[in-house]
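**Q** Chain by chain, the residues:
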Amino acid sequence: MPMKKTAVLLLTVLMMCITSLGVYAESATIAAQVPGTHTVTFVIEGGKVEANGTPVDHTIELDRQRVQTYRLIPDDGYILDQLIYDGEDVTEQVTNNCFTAPPLIRDTEFTVIFRPSRLPQDSSKPFPQSSTEQSIRRTSTPSSQTRDANTVHTGDFNEAVGYFTVLLVLSLCLLIVLTGHKQEKHTTS
Amino acid sequence: MNKKYIAAASAAAVMVSMISVPAFAVDYPGGSQDTRISTAIEPTYTVTIPADTTVAFNALSTDFGAVTLESAQIDPGKAVKVELDASGSLKNAADADKTIAYTINTADNTAFTSASYQTAGDTTALKIDITQEAWDAAFAGSYSDTVTFTVSYVDAE
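If you read the sequences in order, they're chains A and B. At position 81 of the first sequence the residue is numbered 81 (my numbering), and the sequence of numbers has no breaks. At position 119 of the second sequence the residue is numbered 119 (my numbering), and the sequence of numbers has no breaks.
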């Protein structure tokens, strides 16, 4: 009998506890995915780029947080002008034509520009070029620096003009001599 | 013998039919008498909490829904309190030691831990914030964490 009373008492207490709490809990899950690889997109002018000894194409896929070294190979007659990695100019960080990128943590753009090491010589233009003209030629692409030798440009010294000038001077001299000779004849007669 | 049984059954039926519930009448001395009528309405309320959410890679701030008191029939001086329990770290599924720190904030960039509501329609918009530094340091893989919203009926503050 005491056991029965105890059981009833305990059950009553338990029911009182449950009804007095009124507390409810619900959960929500937050999820995220970090990719295992990232894409490096290349823009190359005047040369090529190698990664692990292999020339890169337009894009390569590398493991996240990979530290990659790139070899910059200019075309013949070209040198490195500028290297932009992930939006930052890192030209100063290139040593021995190699650039070691920081750990790869997002899709990145790799832009390298090579420029001609020497400007092409133009034989039809003996006079010194102005600095303005030289700077324009430095920023132009190699293909546009090829000039048609038959095209005459302002400041050019064409051989035909020289010959014509000499002929004109000679003609004038001859005219003066002949005129002077006629006058002498008149005077003597 | 049969006659005895029939007689006994008949007698029992007669006795049952004679049973009557006594009714008592109260004598009022006259005038009016107040009668107290009472009833009790249990408080009811409905709270909605944010659903499961996926944060995009490199997202600094992600909408995390809202905590809203949808309907409420509560006692005066009482409120519905919602508390948030969050670890603040998304854990890598393959390696629990690799984590991404996050915070759950309100629209004014205050960390959300709890809020009390008394009126239906009261709401608190939430967002999940992760810094760029946390993303940059994160290892590849799947991350997750479970947060718990606890709803209770409390005295209003």
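Hints were generated in silico from the structure; no laboratory data involved. Do not take every clue at face value.
Restraint ranges, calculated between C-beta atoms of paired labels, are given here [stated by the list, open to error]:
no.: 1; chain 1: B; residue 1: T131; chain 2: A; residue 2: P55; range: 34 to 40 Å
no.: 2; chain 1: A; residue 1: L9; chain 2: B; residue 2: K4; range: 50 to 56 Å
no.: 3; chain 1: B; residue 1: G88; chain 2: A; residue 2: Q33; range: 15 to 21 Å
no.: 4; chain 1: A; residue 1: D89; chain 2: B; residue 2: G121; range: 24 to 30 Å
no.: 5; chain 1: B; residue 1: E83; chain 2: A; residue 2: G53; range: 32 to 38 Å
no.: 6; chain 1: A; residue 1: A31; chain 2: B; residue 2: G121; range: 50 to 56 Å
no.: 7; chain 1: A; residue 1: G87; chain 2: B; residue 2: Q118; range: 16 to 22 Å
From the derived model, a few chain A residues whose C-beta atoms are all more than 10 Å from chain B [to be verified]:
no.: 8; residue: L9
no.: 9; residue: Y24
no.: 10; residue: E26
no.: 11; residue: S27
no.: 12; residue: T29
no.: 13; residue: I30
no.: 14; residue: Q33
no.: 15; residue: V34
no.: 16; residue: T37
no.: 17; residue: D63
no.: 18; residue: Q65
no.: 19; residue: L72
no.: 20; residue: I79
no.: 21; residue: I105
no.: 22; residue: I113
no.: 23; residue: L172
By construction, the Cβ of each residue, glycine as well, lies at the ideal position given by its N, Cα and C atoms.
**Q** Give a verdict on every hint.
**A** The hints, checked one at a time:
Distance hint check: the CB atoms of T131(B) and P55(A) are about 38 Å apart, consistent with the given range 34 to 40 Å. Taking the beta carbon of each, L9(A) and K4(B) are about 52 Å apart, inside 50 to 56 Å as hinted. A hinted range of 15 to 21 Å holds for the C-beta pair G88(B) and Q33(A), which are about 19 Å apart. A hinted range of 24 to 30 Å for the beta carbons of D89(A) and G121(B) is inconsistent with their spacing of about 54 Å.
Range check, E83(B) to G53(A): about 59 Å between beta-carbon atoms, so the 32 to 38 Å window is missed. Restraint check, A31(A) to G121(B): a C-beta distance of roughly 30 Å breaks the suggested window 50 to 56 Å. One distance hint, 16 to 22 Å for the beta-carbon pair G87(A) and Q118(B), is violated here, with the actual separation near 51 Å. The non-interface label for L9(A) is consistent with chain B: the shortest C-beta to C-beta separation is roughly 26 Å, beyond 10 Å.
A cut-off of 10 Å between C-beta atoms contradicts the statement that Y24(A) is not in contact with chain B; the least separation is 5 Å. The Cβ of E26(A) sits about 5 Å from the closest Cβ of chain B, inside the 10 Å cut-off, so the non-interface label is violated. The beta carbon of S27(A) is not kept farther than 10 Å from every beta carbon of chain B, the shortest such distance being approximately 5 Å. At roughly 4 Å from the closest C-beta of chain B, the C-beta of T29(A) falls inside 10 Å, breaking its exclusion from the interface.
With a least beta-carbon separation of about 5 Å from chain B, I30(A) fails to lie farther than 10 Å from that chain, contradicting its non-interface assignment. Against the 10 Å criterion, Q33(A) falls within the reach of chain B, whose nearest CB is about 6 Å from its own CB. The Cβ of V34(A) sits about 5 Å from the closest Cβ of chain B, inside the 10 Å cut-off, so the non-interface label is violated. Annotated as non-interface, T37(A) brings its C-beta within 10 Å of a C-beta of chain B; the closest such distance is 8 Å.
For D63(A), the shortest C-beta to C-beta distance to chain B comes to about 8 Å, within the 10 Å cut-off, and the non-interface label is violated. With a minimum CB-CB distance of about 7 Å to chain B, Q65(A) fails to clear the 10 Å threshold, and the non-interface call is violated. Non-interface status of L72(A) relative to chain B is upheld: no Cβ of that chain comes within 10 Å, the nearest being about 26 Å off. Annotated as non-interface, I79(A) keeps its C-beta farther than 10 Å from every C-beta of chain B; the closest such distance is 34 Å.
I105(A), annotated as away from the interface, has a beta carbon of chain B within 10 Å; the closest lies near 5 Å. Here I113(A) stays apart from chain B, with its beta-carbon at least about 28 Å from theirs, past the 10 Å limit. For L172(A), the requirement that its beta carbon stay farther than 10 Å from each beta carbon of chain B is met, with the minimum near 82 Å.
Checked against the numbered hints above, the structure violates hints 4, 5, 6, 7, 9, 10, 11, 12, 13, 14, 15, 16, 17, 18 and 21; every other hint is satisfied.
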